[in-house]
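Trainee: Listed in order, the protein sequences are those of chains A and B.
Count along the first sequence starting at 1, add 17, and that's the number in the working numbering.
Count along the second sequence starting at 1, add 17, and that's the number in the working numbering.
Treat the hints with caution; some may be incorrect.
If several chains are the same, the list does not tell them apart, and a pair holds so long as it fits within one copy or across any two.
What the hints assert, rightly or not - Subject to a maximum C-alpha distance of 27 Å in a straight line, what follows is the list of computed DSSO-like cross-link-like pairs (lysine-lysine):
| hint | residue 1 | residue 2 |
| --- | --- | --- |
| 1 | K33 | K107 |
| 2 | K245 | K200 |
| 3 | K200 | K117 |
| 4 | K58 | K229 |
| 5 | K33 | K332 |
| 6 | K200 | K31 |
| 7 | K35 | K58 |
| 8 | K229 | K332 |
Derived by calculation from the structure, the hints in this document are not laboratory data.
One letter stands for each residue in the lines below.
Number of protein chains: 2
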Amino acid sequence: MNDGIRVTKTTSPKPKPKDSTLAFGTEFTDHMFLMDYRDDKGWYDARIGPYGPLTLDPATAVLHYAQSMFEGLKAFRGTDGEIRLFRPDKHVQRLNNTAKRLCIPAIDPEVVLESWTTLVDLDRDWVPRAVGTSLYVRPTIIASEPFLGVRPSKSYLYFVILSPVGAYYAEGMNPVKILVDAKYVRAVPGGLGEAKASANYAASLYPQEDAKHGGFTQVLYLDGVHRKYIEEVGTMNLMLRIGDEVITPPLAGSILPGVTRDSVLALLREWGIPASERQVSIDEIVEAAGKGTLEEVFGTGTAAVISPVGELFYKDQHIVVNEGRIGELTQRLYDAIVAVQYGTAPDTRGWTVVV
Amino acid sequence: MNDGIRVTKTTSPKPKPKDSTLAFGTEFTDHMFLMDYRDDKGWYDARIGPYGPLTLDPATAVLHYAQSMFEGLKAFRGTDGEIRLFRPDKHVQRLNNTAKRLCIPAIDPEVVLESWTTLVDLDRDWVPRAVGTSLYVRPTIIASEPFLGVRPSKSYLYFVILSPVGAYYAEGMNPVKILVDAKYVRAVPGGLGEAKASANYAASLYPQEDAKHGGFTQVLYLDGVHRKYIEEVGTMNLMLRIGDEVITPPLAGSILPGVTRDSVLALLREWGIPASERQVSIDEIVEAAGKGTLEEVFGTGTAAVISPVGELFYKDQHIVVNEGRIGELTQRLYDAIVAVQYGTAPDTRGWTVVV
């Protein structure tokens with residue numbers, strides 16, 4: 018970045034929450050990063066200032082047409098005292114891929130990375146210390162032009178906020194129950210499914226509430242064309258171990274290319290465990306369960322890292338996985354990734370960036 | 018509404034634009050309507066105040082997860098001096114249908130209607146006078162809770178803004194060229210397609226820009242499952258006259274139930290013209306064009322009322338409609354609806370509400 022980031026520090030720092038009371042996404046640090054875009058200027062005025070409200074005209078495009086997107090990654094305070102971002106390069110890349118699909122102008126990858134490292138560094142005392150806690154980094158881009166009409170905005174606001182978050186598994190890693198949804202569709206090829214577009218999440222709220230009322234933690238979507246191949250969980254990618262093969266749906270346009278998904282596949286290949294990115298029908302899963310070869314099922318995502326699945330429910334069938342217990346490989350993957358994140362294992366793959 | 022609408026008038030009214038310079042959605046009137054929702058209070062504090070910016074925490078849910086929606090309708094200044102809203106009851110109904118799909122709490126239909134009539138009445142001098150002009154009414158609901166996480170918000174803001182808009186056909190009604198898109202998908206059954214969700218518009222930006230670069234005005238989407246049945250145009254429903262039959266795709270979950278679409282179907286039925294809501298494949302259209310029975314094609318929507326289509330372009334085939342001229346029925350439908358809107362024909366169907 019040529020002209021650097023202008024920093025205005027807060028004069029009234031907030032009290033920091035106790036590590037033990039942290040939730041997810043409800044408390045924010047002292048500062049935020051902001052940068053504007055105008056068609057005639059490009060991206061300009063990179064700045065950090067006190068965390069505070071945005072002032073938006075009621076006609077601002079983002080409020081009407083959802084031309085908005087985000088990323089989500091975490092900074093971890095290692096046992097060695099260092100603060101590490103996990104695979105920020107992959108998040109930068111995905112940010113610009115999403116931007117393209119939404120007609121949002123790309124941002125120089127170095128500027129994006131710098132916005133994260135500079136902000137986290139400034140608010141580094143906000144990175145919690147307790148086991149399993151972290152600082153969640155939320156970069157967001159919104160269409161900022163005030164006009165009504167369906168066309169790309171001519172101005173945008175890129176901002177980054179930080180939220181200290183509690184341990185996902187504060188009460189231990191418990192396998193969850195997931196509803197395989199035969200009614201609602203998250204995305205189809207040709208749509209927004211592979212982008213981290215705000216719009217995808219709007220579509221998932223109703224199916225998810227529906228599932229919660231039925232006692233399920235999440236929804237596993239089936240593909241919108243055949244209604245038989247599994248897609249993703251809305252906030253996680255899904256993986257299955259059938260016999261000795263680990264299987265996850267391919268990145269064919271309708272599911273999000275998860276960074277944790279990518280990390281898991283890399284580890285499996287390193288470890289010599291067969292891992293396939295291929296279509297899996299719900300029928301294949303039911304059949305494997307019947308034959309006793311459905312060994313493990315787990316979700317992968319930034320929030321939970323690895324989330325063991327104890328049961329899939331599909332059309333009145335309870336598909337119980339590994340007697341509802343955490344699988345051996347599930348646990349091994351979780352431990353391996355968390356070790357890199359907290360610096361207790363060497364980062365041999367260039368996955369972390371020290372702030 | 019029990020406790021009425023609290024009105025705070027502006028102390029600095031803006032100069033009104035000339036009717037001849039009006040565009041669409043770029044200028045706004047002196048006032049706006051606002052109402053809040055909280056889980057523990059329901060919808061409360063209905064108020065009108067000066068048009069001005071909203072103050073939103075950067076973590077506000079709408080900016081991240083697109084839990085937002087809108088409606089769009091028009092107020093017309095009749096040749097008799099009266100100001101009329103066109104079919105507001107249909108828009109109120111659709112507003113609450115959309116809200117349900119997005120987990121947004123419903124609003125009392127009477128309160129919604131009152132928010133429109135009261136605001137338009139207060140800013141009635143802003144309703145332009147020139148032929149073809151109108152006052153566009155934009156009700157919007159956004160998730161207003163500041164938190165990160167994929168779940169419905171616990172608070173919402175409903176607001177209404179008004180924009181005086183120019184004549185859509187200021188330079189005469191010219192048939193447009195439309196690209197039949199074989200690559201991108203707008204929505205599938207099980208998704209958000211039948212809701213007026215902001216999210217649907219985010220998905221349409223890229224395909225639309227793509228089409229514009231090719232010299233087309235709009236995109237006609239095909240269904241996301243078979244990729245052969247026509248859906249809608251993103252901002253309009255589509256109708257075809259093949260021989261003596263008028264055909265439009267059915268409301269089967271993936272297209273918006275347009276109010277103009279409904280009005281056109283009602284008129285056709287009154288006039289004894291066969292009108293079918295059924296699936297039409299692009300192949301059927303190509304075949305009809307080849308046989309010379311593709312008589313007319315037009316879009317229906319609030320912005321243009323009726324938009325004649327002169328050409329459909331599909332996979333290197335130019336499907337020219339009625340030699341690129343406006344069809345007889347297309348013109349008749351336009352004239353009939355516009356006459357009701359401006360009060361030059363009697364409203365025999367209860368379609369207008371005088372403000």
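Trainee: For each hint, tell me whether it holds in the structure or not.
Mentor: Hint by hint, here is what the structure shows:
Neither within a single protomer nor between protomers do K33 and K107 lie at most 27 Å apart by alpha-carbon distance, with minima of 30 Å and 50 Å respectively. Taking identical chains as interchangeable, the C-alpha atoms of K245 and K200 lie at most 27 Å apart whether they share a chain (11 Å) or sit on different chains (22 Å). Only between protomers do K200 and K117 lie at most 27 Å apart by alpha-carbon distance; the minimum there is 16 Å, versus 30 Å within a single protomer. Taking the closest pair of Cα atoms, K58 and K229 come within 27 Å of each other only across two copies (23 Å); inside a single copy the shortest separation is 46 Å, beyond that limit.
Taking identical chains as interchangeable, the C-alpha atoms of K33 and K332 are never at most 27 Å apart, the minima being 47 Å within one chain and 59 Å between chains. Taking the shortest alpha-carbon separations for K200 and K31, neither the intra-copy value of 45 Å nor the inter-copy value of 50 Å comes in at or below 27 Å. In this assembly of identical chains, K35 and K58 lie within 27 Å of each other by CA distance neither inside one copy nor across copies; the values are 43 Å within and 31 Å between. When the C-alpha separation of K229 and K332 is checked against a cutoff of 27 Å, the pair qualifies only within one copy, where the shortest distance is 16 Å, while the shortest distance between copies is 44 Å.
The structure does not agree with the numbered hints 1, 5, 6 and 7 stated previously, though it agrees with the rest.
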